[in-house]
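Given next are the chains, with one letter for each unit.
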Amino acid sequence: MREAPQTRLVRPAGAGAETVLVLILCGAILITSTVIVALRTAPAVQTALANWQIDARMDLTAAEQGINADLRIAADDIAVALQGGEVPTAEALAAEALAPFLKDATTGARGGHAWVTIEGSDGFTGWLGRSASPELAGSMLLRIAADGETTRKAGISVWLKRSTTATVARLTDEALISSGWKEITIRYDASVTRDLRP
Amino acid sequence: MRYSLSRRSFVAVSAVLPLFSRLVVAAERRLQIGVTLHPYYSFVSNIVGDAADVVPLIPAGFNPHAYEPRAEDIRRLGTLDVVVLNGIGHDDFAERMIAASDRPLMPTIEANRDVPLLAAVGGASSRMGNSRMVAGQVVNSHTFLSITGAIQQIQTIAHELAGLDPDNAATYTKNARAYAQRLRKIKAAALSELKTMPGNSFRVATIHGAYDYLLREFGLDVTAVVEPAHGIEPSPSQLAKTIDAIKALDVKVIFSELDFPAPYVETIERETGIRLYPLSHIIYGEYTPEKFEVEIARNFATVVRAIREQSGQQDGVVR
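Heads up: the sequence lines are chains A and B, in that order.
Going from the first sequence to my numbering is simple: count from 1 and add 184.
Going from the second sequence to my numbering is simple: count from 1 and add 1157.
Here chain B stands alone, though its shape is the one from the complex (with noise of 0.2 Å):
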């Protein structure tokens, strides 16, 4: 009697230990949230604070505009939970990877799901009669690139990983809502150096179409992008076609990329006479919590101080 209880136990805490050990380890296994750009990292490392691990799809060093997924990438995929997506064009490979990994099925979070999209406009701007439109379904990828977009991402990427990890949602909701907050302060730090916005006349070219709805907080609308298409240098006739017309648009500013200049920028520069003032990608460098505060507060000081300086302001003052 006494051998056939001892075997008994040792039958059910046998069946039962491995399920034991399965839940002790699935507790202590934090969530493993894949990201596949710069600003992406920043997000969810502050929304997750401690709680979950964040990692690049992308090693640093990579330009996104250019990547060809390598098997080593696709290989560290099969220890994700979910990955967090752009969505919306800026990261298109990250589908391509997902459906060549060893979870072809992973869960991904749209981050873009809820933000009003602009429309994507290449070439010399469709003001200029030259939209590259397809009936409005090809948006501007770069939601990223201002404080409204990225506050609309950090909310709808914290709900969606408050559903996947419960035992952390509040932690989630509560760091997300911190977080949104100093975005806020920064983009109101920066217009209080403003004392008004220029009229209707300030027009603003970018060479990158990426700053558009960075530039729709200020309510300014880009009168002129420079490159063809997405990432695509303009052909010399290109170039001087979109001189003349950034001439006769009687274009203020010019905004320019910190990260990647191309000679045929100062060729614009000197041709047009407009000064270019850079504004960051945010999609070179080190993956850092901090990086998308530091440069988005960049980015809306360099808006500030081309507004003032182009515009006759000083100190604050219109002049």
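The following block holds chain A by itself, in its conformation from the complex (with noise of 0.2 Å):
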């Protein structure tokens, strides 16, 4: 006697629960990762300017940016002399081979600047630099103060008015600011990737 043949159900092959697992568990990471992230992130700090302050990493042009660090390496040759009861022309810091007092090719193209000295004026001693094409780099003012103590806040300064007929009667911060000068701020940030030590 033969056995009736038995039908028996062949699903196929597949492997939709173990997909739908590892959806699930892939999601949860990306949760989980998404909260931690946004909790752990520190908002970064950034210190507001004052409208009578200009950012020298955002807003200068290149000739500007370039002005504004050969002023401030200048400042410490000058703040020796101005220690030793010495006001420095700009002709003699040409002579120094000090940029951007030192006329060479690139004086042009970074402004044409003309730069004549503003001795003792309420405490500080300057350097006023006025610019032949503003489009370049605006006129420009390093101040420091007239005893050549650096190391105080105010002690060395630079500002920028972009104009061609800049002028500056007093050397304060106030009459700067209400005859249109700008101070250059410059900030320090470490790399992002530094874990910065307390």
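If you are wondering where the hints come from, they were derived from the structure by calculation, not from laboratory data.
With a Cα cut of at most 30 Å, we get these calculated DSSO-like pairs of lysine-lysine:
id, chain 1, residue 1, chain 2, residue 2
1, B, K1352, B, K1409
2, A, K287, B, K1409
3, B, K1342, B, K1409
4, B, K1409, B, K1398
5, B, K1352, B, K1448
6, B, K1448, A, K287
7, B, K1404, B, K1352
8, B, K1448, B, K1342
9, A, K287, B, K1342
10, A, K287, B, K1352
11, B, K1331, A, K287
12, B, K1342, B, K1331
From chain A, some residues computed to sit far from chain B (all C-beta separations above 10 Å):
id, residue
13, V206
14, I213
15, L214
16, A222
The model shown is predicted, which means the values in this text are computed figures rather than measured ones.
Yeah, the Cβ is synthetic: ideal placement off N, Cα and C, and Gly gets one too.
Got two chains here, each in a separate frame; can you build the complex from them with the hints?
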């Protein structure tokens, strides 16, 4: 007697359940990591600038950035002269090969500034560079404490006015601001991948 | 009585002697200053002269772009008194090394503290609509590739070292000023070779985003950077887009890398027909005090030659 053929249901091979589980796991990992990143992210600390200040990194032209950097290193040599009781003229600074006072091929490409010394006013001494081409670089002013003491907060500052007729009557913050000058600010940002010590 | 005096003297001498010998050792011990990159070795060597020792953290021959600290390098850190850092992205390995060393709280000097920093720009440059700036906080770390940036750092390092080693403060200040003077003369001599600068139409591109500070000294802005990110080669599709962009922008000169030539750079030269001028990154080879002066002078001479040849100036005269 022959047995009746048996019918077995063979489901097609598939991994539907496993796929769902893996997707759920991936979703859980994504949600967890998103929450952790969101909780641990510290907002970038941005120092707001006053309306009479201008940011050296973001708001200056290439030529202005170059002159600003040159003025800040020249300030070290100038401060030494001031401490010795001497106020160096723009011509004397050029003779020392100090940029941007030294006239060379780049002078015109960086605004063609004509530099003059503004002696002793309000405890400061200044060096004014009047621009011939404000579209390349505005007029610049280097202001240093008259006694050459540069460790004070206001010891060295660089100011900008995008005009060919920029003048300086007095060297106080208030006088410069009221006549349209803006102080160039620099900020130090350590590498974003560093884990800075407290 | 005699015995008691001798004994008292002996005790007193015994107590004072170690203190005295420690003072003598301290007086004789020279400051050990760690540096991370070749330019900083030159800066610090010229500042301290014979008054202190300068110790590179990375042995000569390693590429700082891809350096991973080794155990022996971390161990060497324990002998140092202070480490001079670039701190803005070119030596981030140093902080991890210090944290893993015997002296995790070792003093550091942030050489770039007072340098006006430029924003980092990758890809085919922000001026081509491909900005990679992050709120202006990611900065270009190559401040050491310009004379102005170098002098600002030399002033900062000398000031900080003077505070750490007051006995030699006057020497450090004097040496730093003399070194800065020599560097200024290099720049002045190079610029005297140019009669005038070309106008805004003189556009330059660089392969590596390292030369913005150097080109600022000439009043030049970098129009395009070929590498999509610091030290990363472009993909073929990025390269094709960059070549098209360089052609469209009418770039006159491309500054390439002297020390790591890559085959794709030749492709750019062939496809665009624009001449490449190699500049030194000053982070390869032996550590020597004169390395920075020699290589930055060569970089200035290369930029001057590029301007003269590609703007039609010969013998310093515009034609």
